[in-house]
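*Asks:* If you're matching them up, the sequences are chains A and B in order.
1 is the number of the first residue of the first sequence in full-length UniProt numbering; add one for each residue after it.
1 is the number of the first residue of the second sequence in full-length UniProt numbering; add one for each residue after it.
Since the hints were made in silico from the structure, they are not lab data.
As the structure is a prediction and not an experimental result, all values here were calculated from the model.
Keep in mind that a hint or two might mislead.
[What the hints assert, rightly or not] List time: in silico DSS-like cross-link candidates among lysine-lysine, alpha-carbon distance up to 30 Å:
id: 1; chain 1: B; residue 1: Lys292; chain 2: A; residue 2: Lys187
id: 2; chain 1: A; residue 1: Lys180; chain 2: B; residue 2: Lys5
id: 3; chain 1: A; residue 1: Lys210; chain 2: B; residue 2: Lys256
id: 4; chain 1: B; residue 1: Lys226; chain 2: B; residue 2: Lys292
id: 5; chain 1: A; residue 1: Lys241; chain 2: A; residue 2: Lys25
id: 6; chain 1: A; residue 1: Lys200; chain 2: B; residue 2: Lys292
id: 7; chain 1: A; residue 1: Lys206; chain 2: A; residue 2: Lys187
id: 8; chain 1: B; residue 1: Lys245; chain 2: B; residue 2: Lys292
id: 9; chain 1: A; residue 1: Lys200; chain 2: B; residue 2: Lys5
id: 10; chain 1: A; residue 1: Lys24; chain 2: B; residue 2: Lys260
id: 11; chain 1: B; residue 1: Lys260; chain 2: A; residue 2: Lys200
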Amino acid sequence: MKNVLILGATSGIAKALAYQFAGKKHNLLLAGRDVEEMKRIAQDIHIRHGVKVTVHPFDALDYDGHADFFTNCLETAGEIDGIVLAYGYLGDQRRAENEFAEARRVIETNYLSAVSVLNIAANYFESKKDGFLCVLSSVAGDRGRQSNFMYGSAKGGLSLYLQGLRNRLSKSGVHVLTVKPGFVDTKMTFGQSGMFLVAKPEQVAKAIDKMIQKRVDVAYTPFFWRYIMLIIKSVPERIFKRLSL
Amino acid sequence: MIKHKESLIAGWGNYPAEVCNVYRPDRVRDITELIASGAQPHYISRGLGRSYGDTALNHGSGVLLHTEFARFVHFDEQTGILECEAGVSFEEIIEHFLPRGWFLPVTPGTKFVTVGGAIANDVHGKNHHVDGTFSQHVLDFKLLLASGEIVHCSREEQSDLFYATIGGVGLTGVILTARFRLIPVESAYLEVDYLKAKNLDHAFELFAQTNEKYQYSVAWIDCLSKGDNLGRSVLMLGNHAPASKVKTGGDPLRIKNKPKFNVPFNFPSFVLNRWSIRAFNFAYYNIHQNEKSKIVDYDSFFYPLDSVHNWNRAYGKKGFVQYQAVFPPETSRQGLTEMLKRLSQSGRSSFLAVLKSSGEQNGGLLSFPFKGYTLALDIPLHDDGLFPFLRELDELVAAHGGRIYLAKDSEASPATFANMYPDLAKFQAVKAAVDPNNVFSSSQARRLGIVEESR
Ligand SMILES: Cc1cc2nc3c(=O)[nH]c(=O)nc-3n(C[C@H](O)[C@H](O)[C@H](O)COP(=O)(O)OP(=O)(O)OC[C@H]3O[C@@H](n4cnc5c(N)ncnc54)[C@H](O)[C@@H]3O)c2cc1C
Numbered sequence: 001m002k003n004v005l006i007l008g009a010t011s012g013i014a015k016a017l018a019y020q021f022a023g024k025k026h027n028l029l030l031a032g033r034d035v036e037e038m039k040r041i042a043q044d045i046h047i048r049h050g051v052k053v054t055v056h057p058f059d060a061l062d063y064d065g066h067a068d069f070f071t072n073c074l075e076t077a078g079e080i081d082g083i084v085l086a087y088g089y090l091g092d093q094r095r096a097e098n099e100f101a102e103a104r105r106v107i108e109t110n111y112l113s114a115v116s117v118l119n120i121a122a123n124y125f126e127s128k129k130d131g132f133l134c135v136l137s138s139v140a141g142d143r144g145r146q147s148n149f150m151y152g153s154a155k156g157g158l159s160l161y162l163q164g165l166r167n168r169l170s171k172s173g174v175h176v177l178t179v180k181p182g183f184v185d186t187k188m189t190f191g192q193s194g195m196f197l198v199a200k201p202e203q204v205a206k207a208i209d210k211m212i213q214k215r216v217d218v219a220y221t222p223f224f225w226r227y228i229m230l231i232i233k234s235v236p237e238r239i240f241k242r243l244s245l
Numbered sequence: 001m002i003k004h005k006e007s008l009i010a011g012w013g014n015y016p017a018e019v020c021n022v023y024r025p026d027r028v029r030d031i032t033e034l035i036a037s038g039a040q041p042h043y044i045s046r047g048l049g050r051s052y053g054d055t056a057l058n059h060g061s062g063v064l065l066h067t068e069f070a071r072f073v074h075f076d077e078q079t080g081i082l083e084c085e086a087g088v089s090f091e092e093i094i095e096h097f098l099p100r101g102w103f104l105p106v107t108p109g110t111k112f113v114t115v116g117g118a119i120a121n122d123v124h125g126k127n128h129h130v131d132g133t134f135s136q137h138v139l140d141f142k143l144l145l146a147s148g149e150i151v152h153c154s155r156e157e158q159s160d161l162f163y164a165t166i167g168g169v170g171l172t173g174v175i176l177t178a179r180f181r182l183i184p185v186e187s188a189y190l191e192v193d194y195l196k197a198k199n200l201d202h203a204f205e206l207f208a209q210t211n212e213k214y215q216y217s218v219a220w221i222d223c224l225s226k227g228d229n230l231g232r233s234v235l236m237l238g239n240h241a242p243a244s245k246v247k248t249g250g251d252p253l254r255i256k257n258k259p260k261f262n263v264p265f266n267f268p269s270f271v272l273n274r275w276s277i278r279a280f281n282f283a284y285y286n287i288h289q290n291e292k293s294k295i296v297d298y299d300s301f302f303y304p305l306d307s308v309h310n311w312n313r314a315y316g317k318k319g320f321v322q323y324q325a326v327f328p329p330e331t332s333r334q335g336l337t338e339m340l341k342r343l344s345q346s347g348r349s350s351f352l353a354v355l356k357s358s359g360e361q362n363g364g365l366l367s368f369p370f371k372g373y374t375l376a377l378d379i380p381l382h383d384d385g386l387f388p389f390l391r392e393l394d395e396l397v398a399a400h401g402g403r404i405y406l407a408k409d410s411e412a413s414p415a416t417f418a419n420m421y422p423d424l425a426k427f428q429a430v431k432a433a434v435d436p437n438n439v440f441s442s443s444q445a446r447r448l449g450i451v452e453e454s455r
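Please work from the sequences and hints to get the whole structure.
*Replies:* What follows is the structure, given as structure tokens:
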């Protein structure tokens, strides 16, 4: 039995992961902004699986509050064995090009705020010499494209940060997993045009759980996105720049 | 605001299929914002789409999926009262509560239905003669109205809305959560007796003799038999088995997971033709012998079809029509005899036909069952000649004081429907009070004139 903290617990993949963990009798700490929604999820998981689920208000952009938030989580659970960072903000690419506030929100939510909480979490796990950090980045961070490079650049930054963090924490036995999901059938993608090979969140959650068991470093999910991205990354820049992607 | 997907969808009979604008809200405010925006002229809720016809369709308009509203809210271990969101399926309720000794108070012949769908069609099961419909075990529910207001409905509070919503096919609003009673059971098994009936009269006789003794009863009926054999059938009569009778060795509240089959694509329509159906019916009747006290797991007893996923595809691309009618006791014999005769005369055969005695009517304004006998059958849709035939059946049913079930209907006319449901005007009055602009409407509701075409 483990205690797992999920940041951004109301997102589609996070929810599916919560049920996946609860099915294995892990206790959960759900963190996010929509407290009412998290309470509903917590109640449901408790009734289904009998595990302990607590709810913690968390605002990614409230950097000053992150330390207290983490202490509070630790006090509630006694110990934390793993953390999933699942929140993100897709934003509106066009708006972000014209309104700096939107660009800032995309970058801060996806990158800066992650650095803030992960720094705290990394120190905790490093001193404990145990634990896992499972962070949802994105295939959008693998190559900048005109349709979503604001989001992509923040996620790309996040992936690089995680690479460094993994390097730092490897001697402490702390596992850092970077997950790059392709298209997943969540609220973000439902009814969106141009979606293909859309995976179910439950399927993705199962795969992520397995990667945690196997201590994988970087993983695409579903797996075939590795090959899709391999192709996309291999297109020479002088050609790529002219494509309308 | 949330996005929609324009999709071609259908009910379980695969007929009719219509292009609808499908939404998948995951917060209540998604729905209220959507309705307030006026993005679509109408909306209708959809559970797991197990109604056969156009009950959960909205041609060119909005369909609200309940997939994201599928959470348990509260369970009281003392009383067995469960509160959950309307998108929770019966399958999930069984999965989580049967191992703790609780079962559904009423269940239809498939566990792939939602609580919302079960209330909105006021579904009945094999125990209707003793336990009534599902709604009769519902204490209360929360209903989101067209105005955006959320009201609490029970037999005491907002009782008009309560009785309009049970069986109200989604037209009063969106059921968000409901509270209902589960029943305590000692095992996941039933003790079943099988009795063969030579003909319809014999079946009636056996139902009358056994109704008191068994909580569950149903007859599979061979609708191709004629003359003296007309209506020959196999009655299946069951009660929940006490733990002491279950000799599986393991936990009596659990059954082994059985393999699931899948029908991967639509079969060509000749697969289920008159000859194969005749052969099946013949074999089914002759394989069964009178048998006593057989211990059968709940899945095989209640949900024989659920073990084959997408079995509806066996009817081919054109789909099929499910027809269910109930007759009052006085006319049951005559009505059913006439119905079976017309079916076999027209060469329209049914693979699965189910006869059941039904209990008293409840207060649901559009609720289907009343005291008497009900017959349900599915008919492959090979040609358009089926529709005039079904209209004839409707008239026959109406002439005998019977009625048809909205969950199965895809062809009835407004006049026949109004004829069969005397409380329709009352229903419309309640609806007009809470939804004067018909924000909630479905293809079926417009076809049957339950709501007006447009205002
Ligand atoms: C194999 C099989 C066997 C069956 N056996 C029986 C039987 O024995 N007895 C019986 O009574 N029925 C039976 N049925 C029919 C089935 O029980 C009903 O059609 C049931 O309503 C389907 O539930 P659903 O969740 O799929 O709802 P859907 O078919 O998706 O919707 C049904 C109606 O419910 C409304 N609805 C759904 N959710 C909500 C909500 N949250 N708020 C408001 N309205 C809502 C919809 O608008 C629609 O009008 C059977 C069906 C099948 C496929």
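*Asks:* Next step is simple, just say for each hint if it's right about the structure.
*Replies:* Each hint, compared with the structure:
1. Of the supplied pair hints, the one linking Lys292 (chain B) and Lys187 (chain A) is violated, its CA atoms being roughly 52 Å apart against a limit of 30 Å.
2. Proposed proximity of Lys180 (chain A) and Lys5 (chain B) is supported: the alpha carbons are some 25 Å apart, at most 30 Å.
3. Between Lys210 (chain A) and Lys256 (chain B), the direct Cα distance comes to roughly 26 Å. Compliance with the 30 Å bound is thereby established for this hinted pair.
4. About 28 Å separates the Cα atoms of Lys226 (chain B) and Lys292 (chain B), which keeps this hinted pair within 30 Å; it holds.
5. A C-alpha spacing of about 49 Å is found between Lys241 (chain A) and Lys25 (chain A), which places the hinted pair above 30 Å, so the restraint is violated.
6. As the CA atoms of Lys200 (chain A) and Lys292 (chain B) are separated by approximately 46 Å, the hinted pair breaks the 30 Å bound.
7. Proposed proximity of Lys206 (chain A) and Lys187 (chain A) is supported: the alpha carbons are some 19 Å apart, at most 30 Å.
8. For the proposed pair Lys245 (chain B) and Lys292 (chain B), the alpha carbon gap of about 13 Å is at most 30 Å, so the pair holds.
9. Straight-line distance between C-alpha atoms of Lys200 (chain A) and Lys5 (chain B) comes to about 16 Å, which keeps the hinted pair within the 30 Å bound.
10. Between Lys24 (chain A) and Lys260 (chain B) the CA atoms are separated by roughly 24 Å; this keeps the pair inside 30 Å, and the hint holds.
11. Distance check on the hinted pair: Lys260 (chain B) and Lys200 (chain A) sit about 20 Å apart at the alpha-carbon level, within 30 Å; holds.
Checked against the numbered hints above, the structure violates hints 1, 5, 6; every other hint is satisfied.
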